[in-house]
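Peer 1: Modelling step: build the complete structure from the supplied sequences, incorporating the hints.
Read off the chains here:
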Amino acid sequence: MAMAHHSFAMFDQSKPTTLTGTVTAFEWTNPHAYIELDVADEKGAVKHWSIELGSPSILMQSGWKFKDLKRGDKVTARISPLRSGQPGGLLIQVTLPDGRVLGNGPGRGPQAPAQ
Amino acid sequence: MIARVVFLILIAGVAHGQSKTNPPDFTGTWGPYRAGRGADPKLVPPPASPVVLKPEYAKPYEARRAAETEANRRGEPLATGSSLCVPYGVPSMMSVAVYPVEFIQTPKQITVIAEAFSEVRRIYLDRPQAKIDEVPPGYYGRSVGRWEGDTLVVDTVGIKESVQYQRIPHSDQMRITERIRFVAPDVLHDQITIEDPVTLEKPFTYTLAYRRMPNYEMVEFVCDNNREYVDEQGVVRLKVREK
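Protein chains in written order, with my numbering: chain A, 1 to 115; chain B, 116 to 358.
Hints may be right or wrong, so weigh each one.
Computed list of lysine to any residue pairs in SDA-like fashion (alpha-carbon distance at most 25 Å, straight line) [said to hold, decoys possible]:
| # | chain 1 | residue 1 | chain 2 | residue 2 |
| --- | --- | --- | --- | --- |
| 1 | A | Lys47 | B | Lys354 |
| 2 | B | Lys358 | A | Asp38 |
| 3 | B | Lys317 | B | Ala181 |
| 4 | A | Lys70 | B | Lys317 |
| 5 | B | Lys354 | A | Thr76 |
| 6 | A | Lys70 | B | Ala181 |
| 7 | B | Lys358 | A | Pro16 |
| 8 | B | Lys358 | A | Glu36 |
| 9 | B | Lys358 | A | Tyr34 |
| 10 | B | Lys275 | B | Gly349 |
| 11 | B | Lys354 | A | Asp98 |
Listing some non-contacts, in silico: residues in chain A with all C-beta distances to chain B over 10 Å [unchecked claim]:
| # | residue |
| --- | --- |
| 12 | Asp41 |
| 13 | Gly88 |
| 14 | Thr95 |
No lab work stands behind these hints, which were simulated from the structure alone.
For every residue, glycine included, the Cβ atom is placed at its ideal position computed from N, Cα and C.
Peer 2: Dropping the structure here:
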């Protein structure tokens, strides 16, 4: 079997990190979807994060819809951060404004469906 | 009387896991049939045969695999074609992660569309194969098929050397033979055998299993937001946005 788009080795899965912030864009695109997130620290300084998800096809197989997030939404995301230290990561799960928790495709996250 | 005979033949065919039509109709959308979670062990594909490369090809192949393992351990994965959204080609496109494939069958041609990267291949059923040296090397080569009973036997040549299955080196003499058949009413197997007199000591075979996805609508896949790039060391990096 060929692997999906790329290796996940660039993300550090041993250091899950929680980010709470405001969505600036939700890009329902290939080869991956992205959540762009502004995260403010205690002093109000804002740092921007790019969070990678699976592809739309993979996400739909685990309950995602393209309208599940929009600019301005407040969310809490758990990610595996980039090993490079840059402000980016791979989504583990995200809590949406309506309280639903979505993962990152079949077998990755809280809503992995039976196949 | 005739109706009854036909009925009995149909029942017998279904009991043997065959299609109700002759030849069988593979039209539809198919996802990977995986072991576990209630899967029938009899329908799960058999293990692949070993890949035995000639020594002059085995050495660089093993070295590359070792480098990949080491790079992944460091968290700096080496680039592959797909890092740059280059499609997989034949035979890799027949199974990419959990993405489905769609078969569209007519008497003269079967078209296979893979959801990942929207790849398309055509299998001609009404003409002979060309000479291997006359097919321009590409991602899909040239495929012709013929029916052997309920099995579609597909012959493919003309895959360019950079289009590799699991990075296994091959030459312009590679020949791919697929045997596609129903093993249950809604389960297909594609047994894939790769021969290459230049790089391989002997052919190797692996089998893919598919389950029918009756109501699935194929999702478009246009690679217009690829944020991975390859640095000077051949390592895949992710572009992050400032804002």
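Peer 1: Could you work out which earlier hints the structure fails to respect and list their numbers in ascending sequence?
Peer 2: Result: hints 4, 6, 11, 13 break, sorted rising.
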